[in-house]
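Participant: Take a look at the letters that make up each chain.
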Amino acid sequence: MTSTTQTGDTPAQRPRKAAASSAAAASEFAIELEKINKRFGPVHANRDIDLNVRRGSVHGIVGENGAGKSTLMSILYGFYTADSGEIRVDGVPHRITDSRHALALGIGMVHQHFMLVDNFSILENVILGVEDNALLGPSLERARKELERLAHEYNLEVDPDAIIEDVSVGTQQRVEILKALYRGADVLILDEPTGVLTPSEADDLFRVLRVLRDEGKTIILITHKLREIMAITDYVSVMRQGAMVATLETRNTDPEELAELMVGRRVLLRVEKGPAHPGEVFLAVDNLVVKDDLGVTRVKGVSFAVRGGEIVGIAGVAGNGQTELLESVSGMRDQAGGTVRLKGTPLSLEGDDGAHRARKSGLAHVPEDRQRMGLVVAFEEWENAILGYEDDPAYGKGMILDIKAAREAARRRIAEFDIRPANERLKTASFSGGNQQKIVLAREMERNPDVLIVGQPTRGVDIGAIEFIHNQIIKMRDAGKAILLVSVELDEIRSLADRILVMFDGQIVGEADPATATEGELGLMMAGVTDRKATVASPVAATGAAS
Amino acid sequence: MDLALVLSTLDATIRLSTPLLLASLAGLYSERSGVFDIGLEGKMLMAAFAAGAAAAVFDSVWIGLFAGIMVSLATAGLQGAAAITLKGNQLIAGVAINMLAAGLTTFLGIQWFAQGGRTPQLAAGERFTEITLPFADELQGIPVIGQIYHDLISGHNLLVYIAFLAVPITWFVLYRTRFGLRLRAVGENPKAVDTAGISVIRLRYQAVLITGLLCGFAGAFFSIAQGSGFGNNMTAGKGFIALAALIFAKWKPVPVMLTCLLFGFLDALQIRLQGQSILGVQIPVQAIQALPYVLTVVLLAGFIGKAVGPKAGGVPYTKER
Numbered sequence: 001m002t003s004t005t006q007t008g009d010t011p012a013q014r015p016r017k018a019a020a021s022s023a024a025a026a027s028e029f030a031i032e033l034e035k036i037n038k039r040f041g042p043v044h045a046n047r048d049i050d051l052n053v054r055r056g057s058v059h060g061i062v063g064e065n066g067a068g069k070s071t072l073m074s075i076l077y078g079f080y081t082a083d084s085g086e087i088r089v090d091g092v093p094h095r096i097t098d099s100r101h102a103l104a105l106g107i108g109m110v111h112q113h114f115m116l117v118d119n120f121s122i123l124e125n126v127i128l129g130v131e132d133n134a135l136l137g138p139s140l141e142r143a144r145k146e147l148e149r150l151a152h153e154y155n156l157e158v159d160p161d162a163i164i165e166d167v168s169v170g171t172q173q174r175v176e177i178l179k180a181l182y183r184g185a186d187v188l189i190l191d192e193p194t195g196v197l198t199p200s201e202a203d204d205l206f207r208v209l210r211v212l213r214d215e216g217k218t219i220i221l222i223t224h225k226l227r228e229i230m231a232i233t234d235y236v237s238v239m240r241q242g243a244m245v246a247t248l249e250t251r252n253t254d255p256e257e258l259a260e261l262m263v264g265r266r267v268l269l270r271v272e273k274g275p276a277h278p279g280e281v282f283l284a285v286d287n288l289v290v291k292d293d294l295g296v297t298r299v300k301g302v303s304f305a306v307r308g309g310e311i312v313g314i315a316g317v318a319g320n321g322q323t324e325l326l327e328s329v330s331g332m333r334d335q336a337g338g339t340v341r342l343k344g345t346p347l348s349l350e351g352d353d354g355a356h357r358a359r360k361s362g363l364a365h366v367p368e369d370r371q372r373m374g375l376v377v378a379f380e381e382w383e384n385a386i387l388g389y390e391d392d393p394a395y396g397k398g399m400i401l402d403i404k405a406a407r408e409a410a411r412r413r414i415a416e417f418d419i420r421p422a423n424e425r426l427k428t429a430s431f432s433g434g435n436q437q438k439i440v441l442a443r444e445m446e447r448n449p450d451v452l453i454v455g456q457p458t459r460g461v462d463i464g465a466i467e468f469i470h471n472q473i474i475k476m477r478d479a480g481k482a483i484l485l486v487s488v489e490l491d492e493i494r495s496l497a498d499r500i501l502v503m504f505d506g507q508i509v510g511e512a513d514p515a516t517a518t519e520g521e522l523g524l525m526m527a528g529v530t531d532r533k534a535t536v537a538s539p540v541a542a543t544g545a546a547s
Numbered sequence: 001m002d003l004a005l006v007l008s009t010l011d012a013t014i015r016l017s018t019p020l021l022l023a024s025l026a027g028l029y030s031e032r033s034g035v036f037d038i039g040l041e042g043k044m045l046m047a048a049f050a051a052g053a054a055a056a057v058f059d060s061v062w063i064g065l066f067a068g069i070m071v072s073l074a075t076a077g078l079q080g081a082a083a084i085t086l087k088g089n090q091l092i093a094g095v096a097i098n099m100l101a102a103g104l105t106t107f108l109g110i111q112w113f114a115q116g117g118r119t120p121q122l123a124a125g126e127r128f129t130e131i132t133l134p135f136a137d138e139l140q141g142i143p144v145i146g147q148i149y150h151d152l153i154s155g156h157n158l159l160v161y162i163a164f165l166a167v168p169i170t171w172f173v174l175y176r177t178r179f180g181l182r183l184r185a186v187g188e189n190p191k192a193v194d195t196a197g198i199s200v201i202r203l204r205y206q207a208v209l210i211t212g213l214l215c216g217f218a219g220a221f222f223s224i225a226q227g228s229g230f231g232n233n234m235t236a237g238k239g240f241i242a243l244a245a246l247i248f249a250k251w252k253p254v255p256v257m258l259t260c261l262l263f264g265f266l267d268a269l270q271i272r273l274q275g276q277s278i279l280g281v282q283i284p285v286q287a288i289q290a291l292p293y294v295l296t297v298v299l300l301a302g303f304i305g306k307a308v309g310p311k312a313g314g315v316p317y318t319k320e321r
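Protein chains in written order, with the working numbering: chain A, 1 to 547; chain B, 1 to 321.
Hints are computed from structural coordinates only; laboratory data are not their basis.
Since the model is a prediction, treat every value here as computed from it, not as a measurement.
No false leads were mixed into what you were given.
Now the stretches of chain A that chain B is said to cover, found in silico as 3 or more residues with beta-carbon under 8 angstroms:
| no. | stretch |
| --- | --- |
| 1 | 96-102 |
| 2 | 121-128 |
The calculated DSBU-like cross-link candidates involving lysine-lysine, where the alpha carbons are at most 30 angstroms apart (straight line), are:
| no. | chain 1 | residue 1 | chain 2 | residue 2 |
| --- | --- | --- | --- | --- |
| 3 | A | K397 | A | K360 |
| 4 | A | K475 | A | K360 |
| 5 | B | K191 | A | K427 |
| 6 | B | K319 | A | K427 |
| 7 | B | K319 | A | K225 |
| 8 | A | K225 | B | K191 |
| 9 | B | K311 | A | K427 |
| 10 | B | K311 | A | K291 |
| 11 | A | K427 | B | K87 |
| 12 | A | K427 | A | K360 |
| 13 | B | K191 | A | K145 |
| 14 | B | K319 | B | K252 |
| 15 | B | K319 | A | K35 |
Partner residues aside, some chain A positions facing chain B, computed with beta carbon under 8 angstroms:
| no. | residue |
| --- | --- |
| 16 | E131 |
| 17 | N133 |
| 18 | L136 |
Cβ atoms here follow ideal geometry from the backbone N, Cα and C, with glycine treated the same way.
Start from the sequences, fold in the hints, and give me the full structure.
Facilitator: If you want it as structure tokens, here you go:
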């Protein structure tokens with residue numbers, strides 16, 4: 001083990017500051033990238049990228065999935081080496097060969113998927129890899145003191161002895177930030193940091209980032225959420241198809257312009273839809289009770305109806321029973337009580353084939369987690385395109401599949417839904433999130449169901465694809481079908497739904513008209529505060545048990 | 001039952017649990033690093049043969065022990081190369097080691113010594129003999145305490161003491177050293193270790209080699225401490241029982257020791273009960289001999305609950321993104 005010599009000096013107080021300040025005169029930029037190129041086989045992931053990140057600023061990088069943001073940051077963090085181009089840190093050119101090298105230059109990264117050891121304490125996670133010497137005792141002691149100082153300085157309070165798997169996702173992210181700071185990071189790269197956070201946790205994060213910036217740290221924020229760019233960044237760079245298309249000052253731009261730069265064409269951020277024409281009740285849920293795998297009642301007697309020709313949106317903070325509600329109505333989870341009726345006929349959804357019977361009776365379901373429940377990602381596209389409908393006579397007789405017919409049908413839908421790449425023989429895993437979602441959506445809409453249940457339709461989906469998916473859903477509504485939409489993205493619910501039901505702690509606590517309800521009103525309802533009972537129920541209690 | 005009988009049963013317990021303990025701790029290092037090791041049995045068998053053969057040929061217990069350890073290390077290295085560098089299936093790598101060991105030891109034994117696979121009988125200086133601890137004989141007269149000291153604690157061979165000493169050492173290494181922290185981390189989330197700038201591959205090799213070292217001691221125990229020479233398949237599935245003990249103890253050193261003692265006790269009891277009749281019924285010897293194995297199955301299936309091992313166990317690490 002030679003790491004003692006490499007990390008033996010106290011990482012947080014490494015005498016780098018002096019070097020940095022002398023070079024500071026040379027450059028006002030903490031990071032400068034010039035003509036960075038990177039190829040993976042035939043894919044030109046980064047082409048001639050120039051990027052200057054001003055010291056002490058929050059610099060956003062936006063782009064669709066596959067635009068090359070992550071590759072660029074991986075080059076900066078030493079995961080990859082660029083094929084050509086120059087990286088300057090504090091004005092000095094460096095060839096960053098691995099992440100240890102990047103850390104030594106004061107570049108820290110908070111990964112999208114946290115790099116934490118779940119059964120370690122926060123303290124152990126922080127020192128992993130930068131222990132002072134062979135024995136742990138002194139390192140832990142010093143780290144404890146150092147964490148206290150950092151917590152105080154940057155408002156990042158954590159309990160150093162808490163075990164990672166016991167703390168919230170928001171706290172885990174703090175630990176990742178603390179890890180980077182403990183290693184002496186001056187430049188902090190955050191990769192899609194809010195993807196896993198609740199709205200209030202995201203607000204906390206932004207507060208921390210502002211403090212860090214005000215203390216002189218430089219922050220690079222990779223995201224595809226334009227809202228966050230507008231809310232927190234000072235500068236924003238837009239990437240498209242491996243190239244850097246623009247760098248702007250955030251206050252001089254707006255979401256519409258950024259979206260257009262990202263996609264390369266005009267994008268409607270607001271959903272365009274006419275008024276709804278609700279007809280008769282298609283889906284009627286009466287006093288539904290659902291328990292989760294641990295036997296905890298998660299849906300506590302919910303009743304509502306969805307009419308043909310309308311979209312009913314269910315809003316709520318994740319973990320308030322929406323998942324169980326969706327799973328139950330679509331036949332994937334047994335009910336503990338209540339009835340579900342489709343056009344007046346009670347649906348029998350019990351048992352392992354409940355979902356199959358639901359589909360047969362005209363109730364289609366786009367599950368929340370497409371990769372786990374909606375698709376078999378190791379399958380080829382056409383196989384997923386018939387999954388769940390594989391016993392349809394159109395795809396074969398008896399036990400034998402008519403592969404030609406199935407592929408033909410898949411090709412048709414690829415064209416219809418603009419699924420890219422247009423190749424039904426490709427492994428589903430190699431499609432982007434948006435295209436995977438289109439595969440699921442195309443499959444579920446194919447049978448022209450009376451009721452479509454959609455969970456998180458645009459989670460992890462690019463802006464361009466979001467527009468398409470929203471339009472498909474509205475088209476279906478206009479064809480007189482009933483649509484039940486569940487999403488944790490409040491914006492999505494507000495723009496898509498004709499009626500909003502708010503779920504809190506397993507119950508529907510209120511209904512709102514998206515045309516008139518404000519975000520604040522909805523937010524209060526989502527937190528369990530209603531007009532009727534003006535008591536503040538803790539939202540933490542409701543989300544704490546989420547599996 | 002009088003004290004002497006109890007003590008002699010417990011004495012046998014310690015002796016019989018020693019190879020289990022060494023093998024189980026060996027497995028702990030490897031599995032904690034994320035490399036499942038079903039090849040403990042094979043490494044022990046190879047070490048037992050090498051130790052027995054070398055001790056007989058060179059007339060030295062130390063050369064025997066050294067040979068056992070070296071062969072076990074080499075076998076572990078081979079297994080590591082298959083499971084870590086070549087990213088092969090870890091279970092298959094282990095099974096292959098077991099099959100190789102069973103065949104090779106028998107074959108070489110017959111070829112070299114022509115005694116039906118046995119190595120020559122070892123003389124006194126060629127095997128580990130009982131060590132009498134200081135004052136054991138003097139204190140023997142003191143009731144209970146003196147007896148326990150003399151009969152139970154004193155009078156074992158060197159490898160027994162090494163095995164039980166390895167427990168606190170392992171605990172300390174695992175929970176109080178930098179190496180232990182990284183070892184535990186790499187078995188849970190190798191990506192976290194990699195992004196911290198530590199080599200996953202090197203850590204896992206280190207762990208696997210420690211496994212080889214301890215398996216070397218365990219194997220040597222069979223042929224040059226407990227026995228006096230190697231006999232065909234002399235480890236008799238102890239490597240698998242050690243693995244069961246490791247899982248039952250949830251990969252923690254002190255519980256590993258207690259579990260091994262339990263299995264050793266059952267073995268001692270089994271020997272004690274042979275030929276005895278219980279409530280006037282003669283129990284078939286085979287049934288009693290099967291007791292430790294049956295209990296292994298019962299413990300693993302029934303009492304352990306959910307054994308959650310190191311999360312990244314069994315998965316070769318590929319640096320991808």
